[in-house]
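Spelled out, the chains give:
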Amino acid sequence: MNITDVQGPYFGEYGGRWLPEALIPALDELAEAWEKAKADPTFDAEVQRLFRDYTGRPSLLTEVPRFSRIAGGARIFLKREDLNHTGSHKINNVLGQAVLTKRMGKKRVIAETGAGQHGVATATAAALLGLDCTVYMGRVDTERQALNVARMRLLGAEVIPVEQGSATLKDAINEAFRDWVANVETTHYLLGTVTGPHPYPTMVREFHRCIGEEARDQIQEQIGRLPDAVVACVGGGSNAIGLFHAFLDDEDVRIIGCEAGGSGIESGEHSATINAGSPGVLHGARSYVMQDEDGQTIESHSVSAGLDYPSVGPEHSFLHDIGRVDYRAVNDTEAMEAFAYLSMTEGIMPAIESAHALAGAIDLGREMGEDAVIIVNLSGRGDKDVHTASAWFGLVGDDGRADLAEIRRTVADALENAPVGPAAPAAPAGKDEN
Amino acid sequence: MTRFRSADVIDRARAEGRSALIAYLPVGFPTLDRSIDAAHVLTQSGVDAIEFGVPYTDPVMDGPVIQQAADIALKNGTRPRDVIAAIDELSGRDCDAALLVMSYYNPILAYGPDAFARDLAAAGGAGVITPDLVPDEGAEWIDAAAKHEVDRVFLVAPSSDAQRLEYVVRSASGFIYAASTMGVTGMRASVGSRARDLVDRTRRAGAERVCVGLGVSTGAQAADIASYADGVIVGSAFVRAILEADDRADAHRRLEALATELRRGVEGA
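So the protein lines, in turn, are chains R and X. Read in UniProt numbering, the first sequence has 17 at position 17, and its numbers run on one by one without any break. Read in UniProt numbering, the second sequence has 227 at position 227, and its numbers run on one by one without any break.
Keep in mind the hints are simulated off the structure, nothing from the lab. Be aware that a few hints might be false.
Covered stretches of chain R (in silico footprint by chain X; criterion: 3 or more residues with CB under 8 Å from a CB of chain X, positions within the stretch not fixed) [unchecked claim]:
no. : segment
1   : 5 to 18
2   : 281 to 289
3   : 294 to 306
When the alpha-carbon atoms are kept at most 25 Å apart in a straight line, the in silico SDA-like pairs for lysine to any residue are as follows [what the hints assert, rightly or not]:
no. : chain 1 : residue 1 : chain 2 : residue 2
4   : R       : Lys107    : X       : Pro158
5   : R       : Lys107    : X       : Asp161
6   : R       : Lys36     : X       : Asp161
7   : R       : Lys36     : R       : Lys107
8   : X       : Lys147    : R       : Asp294
9   : R       : Lys36     : X       : Arg164
10  : R       : Lys107    : X       : Thr181
11  : R       : Lys102    : X       : Met182
Derived contacts from chain X toward chain R, CB cut-off under 7 Å, selection only [to be verified]:
no. : residue
12  : Val60
13  : Ile72
14  : Gly124
Idealized CB from N, CA, C, for every residue including glycine.
For reference, chain X alone in the conformation it holds in the complex (with noise of 0.2 Å):
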């Protein structure tokens, strides 16, 4: 097993010429072993990192979309360890990808901090993505994400003003995940402008790596996005391509032909 952390993966990329392409699934949707199957066929498409949902009882930036996928995966009985155990997994299968966790911060609470930190740790993940949890609040996380040497995401939106910006590229690690828009997760006709104008003030703001998030489904909105930032994040779309699918070989399918398109996006093409 290698682990690669969020930075290789986004070095690795820019040494290619490109952004990094960052995908979105929830894990135990539909089911513990097909998102796992899911997220390799991802990582053989041409995806750098996988972000792995915790599926949540109370999702506050989530849309209609992640969050019948987090549905479904609570009915399974998905539990927050099982995002470990799937990461371990994944990461023993020939994979060249970081592997993240994307959890609401009550369910780390619950596990415990360090421990969650240290088990991510073991089992190859990069690091956690920390959607309701401000540095302010942080203080626990960051330290046990530090002592275990686990990236510790967190966000920017374009309501950010610049003092909260360098407090939250001073408290992160890895990279700065920048909200595209004033809003929930979910596919979006267009991204806009701002975008743009929060990776420029993050950078300015001292981020090294800013990816961004949100609304992109396309690989013409990634090709704009990679024109400008380190990475492009991308859930609800391919959360969709599963919802559709007739059957694991059709998600597949459909996983495999998005990833492509996305991934030829962020090369430029």
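Chain R extracted, bound-state conformation (with noise of 0.2 Å):
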């Protein structure tokens, strides 16, 4: 059997439904919606039309020579979903389960949000469509992504601060099922990542398979054959299981999934929950989480709001017990360093996430050597952590926690004698390669 073939409810022993009866009745509704959707090739098209002249798919596979500089001379190439429109993978997902809910014949949509790339994806995707849109958003995080908050609710969504428990990701998740279960036959709970009851995390994926069927198909066109590694960061894990899923049955295709380690998995304040986690139930299903010894939650932290999560998707849990993905923790300065990294060396600007994930590839890059061939998902952009990156850096106020001049000078020496401008590996297909 193929490891695709797995496709829920249960991933191994992960998944299912841990959820309120009340809830059991929307969840059938939505998995038999996406069911005859998936057969209704008018449903395929409609998404694929947006995927085209909405979001600007297929995104670009890019190479990066000078970054590869970095990682040990490894040839590195980067899935740009940065480029995809709202600067993130996000918008696949939003805009697939956005067709969904008019489906459906439902009217409104609300979503969690912890950094607010979600939550500005699906306001975008419910202007679009003429839905309503209400967004839950910790407090604490309402305030570290202020400027998130503002683009919700300039695309017409109502944005709720979540005052409970932690006022994290978690707890916004927390209050987006208490208002699905008040008004769950008006309202598609739009979840944007790969955890959550059946069929969340499978129809999750499927919005977001494109990424590494598209990553598949350019990485040989541009080099002939597959790649050696693929590389994603993972907190809930969309992008990383929307990459991992072309390559899960190519036997020789290293698979490694970048959790964020925060200040250390020795600290106690990271968000690594597969490496330092155990099998438990949250949020409607049973996966890796961090929890105390009484199954209490424990509080993530991560300098990316992206990643702080305490959860992750079953199938990562399940892809992690069979062993055929490498989940390692990277910590918060290793990430800063690699987003200062790209952005020198390549014009790149990536978002702190996707800067885990980088990170994961200069170490792989430097064990693997030249010869090694290794796909990166570049899963979002930069530019929302501007501030984070400057206060790290110390660019604004005195106390940065880390030297850009020493990032600097690493980079000048490793870029001695490189070539300069964009790639011109042997024989790109790709039309914007230039």
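The task is to assemble the complex, starting from two chains supplied on their own in separate frames and drawing on the hints.
Quick look at the structure:
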């Protein structure tokens, strides 16, 4: 059996529907609507049209030879989800579910958001398709990401700051479920990642699988073979599963998921659920969870709000247990360095989430050497993170945690005698090279 | 210690020509000792069954009042095992109420479902209500509860169709917890007509005992529900009584007054 034959509701012992009975009919309705939509060519045609004409798919696969100098000389290709409309992979899932919402005859969507990327994408799709939109966001996050709150409101969405619990992403999800229970007949919960009860982990993955499928075709077109490794960051895990899925049954392709190691796993301040959590139940799914011995959820920490979540999609837990994907922890410092490295070597500013994957690729490139070909999912752009990065590197205020000058020196040393300008690798067939 | 199961106290009430009165309190709120004392006051004021809530970090079924109480309990260092200790203590105190646990599933999973059922039965507990566990995922819990003879109380909701109702009824024991409205815990001005319809449909699905919860806070509401259900479950109103009390004695006065009002309600007065 191929790994990709595992379709939910269960992935090994993970997945399922661990939610109140009141929501079971809505989950049944959603699963049924989703199955019908999948079998209906007009649904796929509409989603594909939006992907092409609204999002700008397929996204590019860009080789980054100057960045590769930092990464042991391995050839590194970035899957450019940062170039999508709204600036990240999130729009793929959001458009798919918004079209599905219309088909179910529902007029309102609700969503949770941490950094605000999923909230912005949902507000965008709601504006496009004429749906009412309410976004739940932890109060702490609304303060950290005030600009995204403004974006959502400008797009016509209502943003509700959540005060309960730790006032972060997990509490926003709790509040979204509470809204859903009360309004399920008119409302679709547009969940933003591959967590939650069935059918979300499978359905959200299906809307993101274009990432890996495109990358698999593009790399073969550009270099005539499959990569040696694919790398993505993992919070809930939607961009990662989108990239990984096309490669799961390619035994020779290594797959690496980069969790947020925060201040280091030993510090306890991290979001490395698979590396440091244990199997449990949270937000409707059985999966790895950051929890204490009593099953109480432990608050997660990461410099990246988008990875700051104390559980992970059930399919990732399964892929970890069967050993198909290697989940590693990348700490805040490594991620912020990678953020600066890519910005300075290639003029591409990554989201801090994606910078975790870049840091993972640096290590992997040094480990695998110059012959290796690595695809990294650049899941989002870094504009939203300029404030965080400026504070980190002491560009605003005096109390930076790292020295940008030192990184500039490292980059200068690595780039000595390096080619300048965009990549011109052997026989690229891509239309946007040069 | 006499151990009362849910069916014992519901059938006792039925024999008296009334519905049972069931009260929810979070264990450890405002402290462990005071939550035990509060429950004891209720059992002496006409309450037939206590649901001790296990405070949990992510209570998706609870509204603001119970969330606030659970937060206080968690900050006090309340642990899931304290609910076993509380029931052990209460069952030793001249108590003729059934003592249940209401818990989200992850704390039970972490404790170990079999060990939890075993320890609860040994402490004199009647059973467990699991608001976020549906029978579809409940095989391990159902086995453990059956083995140690504790009631496994599952919920039904106005959205449940006949097929779901039959499935839940078949999987549960003790009684069926009928959620009166689509929503979370908390006091509501009116409970609405969907509760009666749900109770009727749940009985047609084969349930012997159906109790209604969510939104009930007054004697008049209790009387209305008692006209068609086997039990009336009240949570947030008791929690609010404690939250608003000046001190422990005031809390006990408020609890006693509310329980007395609700008891008159379930007696149809």
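Outcome of the hint check:
no. : hint                 : verdict
1   : 5 to 18              : holds (count 3)
2   : 281 to 289           : holds (count 5)
3   : 294 to 306           : holds (count 4)
4   : R:Lys107 to X:Pro158 : holds, 21 Å
5   : R:Lys107 to X:Asp161 : holds, 23 Å
6   : R:Lys36 to X:Asp161  : holds, 21 Å
7   : R:Lys36 to R:Lys107  : holds, 19 Å
8   : X:Lys147 to R:Asp294 : holds, 23 Å
9   : R:Lys36 to X:Arg164  : holds, 22 Å
10  : R:Lys107 to X:Thr181 : holds, 21 Å
11  : R:Lys102 to X:Met182 : holds, 23 Å
12  : Val60                : holds, 4 Å
13  : Ile72                : violated, 13 Å
14  : Gly124               : violated, 22 Å
The structure fails to meet hints 13 and 14 from the earlier list, while all remaining hints are met.
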